[in-house]
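*Asks:* Chains as they are written, first to last, in the working numbering: chain A, 169 to 506; chain B, 169 to 506.
It is possible that some hints are incorrect.
Once the Cα atoms are required to be at most 35 Å apart in a straight line, the calculated DSBU-like pairs of lysine-lysine come out as [claimed, not checked]:
1) B:LYS479 <-> A:LYS197
2) A:LYS479 <-> B:LYS218
3) A:LYS460 <-> B:LYS197
4) A:LYS277 <-> B:LYS230
5) A:LYS219 <-> B:LYS218
6) A:LYS197 <-> B:LYS277
7) B:LYS219 <-> A:LYS218
8) A:LYS197 <-> B:LYS218
9) B:LYS197 <-> A:LYS230
10) B:LYS479 <-> A:LYS219
11) A:LYS230 <-> B:LYS219
12) B:LYS218 <-> A:LYS218
13) B:LYS219 <-> A:LYS197
14) B:LYS197 <-> A:LYS277
In short, the hints are calculated from the structure, not lab data.
Below, each chain spelled out in residue letters.
Number of protein chains: 2
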Amino acid sequence: MARENTTVLLAHGSGGSYSRRLIEEVFAKAFSNPLLAPLNDQAVFSLPAKKLAFTTDSYVVKPIFFPGGDIGKLSVCGTINDLAVGGAEPVYLSASFIIEEGLGMDELKRVVGSMAATARSAGVSIVTGDTKVVERGKGDKLFITTTGIGVVNGPELTPSNIRPGDAVIVSGTMGDHGVAIMTHREGIMMDAPVESDCAPLHTLTREIISAAPAGVRAMRDPTRGGLATVLNEFAASSGCSITIREDDLPVKEAVRGACEILGFDPLYLANEGKLVAVVSGEDAGKALSAMKAHPLGVDAAIIGFVTEAPKGKLLLETSIGNTRIIDMLSGEQLPRIC
Amino acid sequence: MARENTTVLLAHGSGGSYSRRLIEEVFAKAFSNPLLAPLNDQAVFSLPAKKLAFTTDSYVVKPIFFPGGDIGKLSVCGTINDLAVGGAEPVYLSASFIIEEGLGMDELKRVVGSMAATARSAGVSIVTGDTKVVERGKGDKLFITTTGIGVVNGPELTPSNIRPGDAVIVSGTMGDHGVAIMTHREGIMMDAPVESDCAPLHTLTREIISAAPAGVRAMRDPTRGGLATVLNEFAASSGCSITIREDDLPVKEAVRGACEILGFDPLYLANEGKLVAVVSGEDAGKALSAMKAHPLGVDAAIIGFVTEAPKGKLLLETSIGNTRIIDMLSGEQLPRIC
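Can you build the whole structure from these sequences, using the hints too?
*Replies:* Given below as structure tokens:
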């Protein structure tokens, strides 16, 4: 072990001295914090709060580096966002790595560095983790599972709170992440490549809740399955009907163009730095202003409203004045988008 | 979707209607509990405690079904055990699944059923989760990442507490899990097949702490890398020396036999239902009695002691009376053992 390994070996997942060295020299160095430092199998901390939020996600995005981000940044942002849209302040993350034998050590370090930088700038700590290595051909470079704990101090947000008269607001343009991955993966050349919107949303959700503490019913980050899938879930959970207006939906020109060429619908495309909020009609203006004042919400828009019937359905008012029912994503649009 | 799918499809990872159906009909049904039921992206709960413990592990064991358990049971026990050996009572788990396209739906249901049964009998709830699907040949049937939260009410246990005069106790026979996986994987026929010891240890750790609250310094479950690796980490963290006696180490005859044939050393083999505890010399007898009175500790034995020097080293007194230094596992003994 005098020379440094340039790729990840099966031995790095053995639990023995190679594992120890990988943990100390790659993970512990990058994520450096007092809770992780003892390298015990568990982190122990005090976290006084009336309520805690707990969420997990595995990331299998392909390729692991893409315009606007990488699997590491995505894995930290995604878990922060799942806490944030539940009204929680993210505090601690765990990170578990399933590495395919042969992954370049430089690639791993780049991903881990990206996770560390994202976590640090978001004010969260990665306090515990695990690493497994599988044989060549039994994985695909790198899968990461991040789990987060947050504290809930304000109202608990849940789609069952949604009621008729509420407004539907998105924090920005839809479909950027999906198009960024798809065009990059397929090698499609664009004049101005679309970048993933991958970003942590917890400071945005904080502003929204602070602007309209009693008015926010539910928030969600429309990732896999896109906005149409989230709003279908909201309609189903609340037993209400949701109507959105095609003309009011913010979509970048480049994303619209790529969708037309490739036959995708921005309503079903994944986003990784956007949220949809349902807010009381009364407070919708305050929530919208709070979003627009935040760097991640400048393109925010009210795109629809909640009514009583048809129960559990999502409707789209199209540009030409028709209204049609929009279902959840059915089948597979884009595998391994996150 | 009128007919039920017999295998997992890429669409089951899409985030859309196939994902929803998989979550509702497989995961939510098996794990059924009030925190999971809303199927939000995060679970929210109150957990009043002075201190919390947080741990994560990915499971990539191959094959996914083996004598004495399966990847599902292993993933629940392993995370419970990482909390338990830190002195925590396990409370909530998350579970994230990375499934290879084509996995039999019946296999998935069997694993999930096993997780649910193990969690229920251990008194923990699986309250949040995620599912991703990767293409055929980009995974290997099923990888599971479980993350656990526990409450620490008693002393916080950490290897840096270990000091000269302490005793080293194991809760039972070493190497059962490693030999069970290895012989099963290689198709080696044995008169009496060795079963994995896979079991949740939190009631055993509770008894140990209760019997010797001030005497327990540190506990660890010797999984990957085995007992030798854990005791090397203990020696390094505490700056003490640890000596164990070969003759006192409990090893099943069948395990010893398999090790001799295959060239493995029980000191480096993985265990999934055993722990090693370092306890003050004064309290060692009480801790040993508490272990022996528990169904998972009937073969418990005091196997060694802690001294001042040689600092950071693990020594083995062999059956023939020699003493030699035992290193951490170096290289790879058995890939994908857990």
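*Asks:* Now tell me if each hint is right for this structure.
*Replies:* Evaluated hints:
1. B:LYS479 <-> A:LYS197: 25 Å, holds
2. A:LYS479 <-> B:LYS218: Distance of about 45 Å is beyond 35 Å: violated.
3. A:LYS460 <-> B:LYS197: 41 Å, violated
4. A:LYS277 <-> B:LYS230: 27 Å, holds
5. A:LYS219 <-> B:LYS218: Between LYS219 (chain A) and LYS218 (chain B) the Cα gap is close to 14 Å, so the pair holds against 35 Å.
6. A:LYS197 <-> B:LYS277: Cα-Cα ~40 Å, so violated.
7. B:LYS219 <-> A:LYS218: The hint holds at about 14 Å.
8. A:LYS197 <-> B:LYS218: Status holds; Cα separation ~29 Å.
9. B:LYS197 <-> A:LYS230: Cα-Cα ~31 Å, so holds.
10. B:LYS479 <-> A:LYS219: 45 Å, violated
11. A:LYS230 <-> B:LYS219: 38 Å, violated
12. B:LYS218 <-> A:LYS218: The hint holds at about 13 Å.
13. B:LYS219 <-> A:LYS197: 25 Å, holds
14. B:LYS197 <-> A:LYS277: 40 Å, violated
Hint compliance for this structure: hints 2, 3, 6, 10, 11, 14 are broken, all remaining hints hold.
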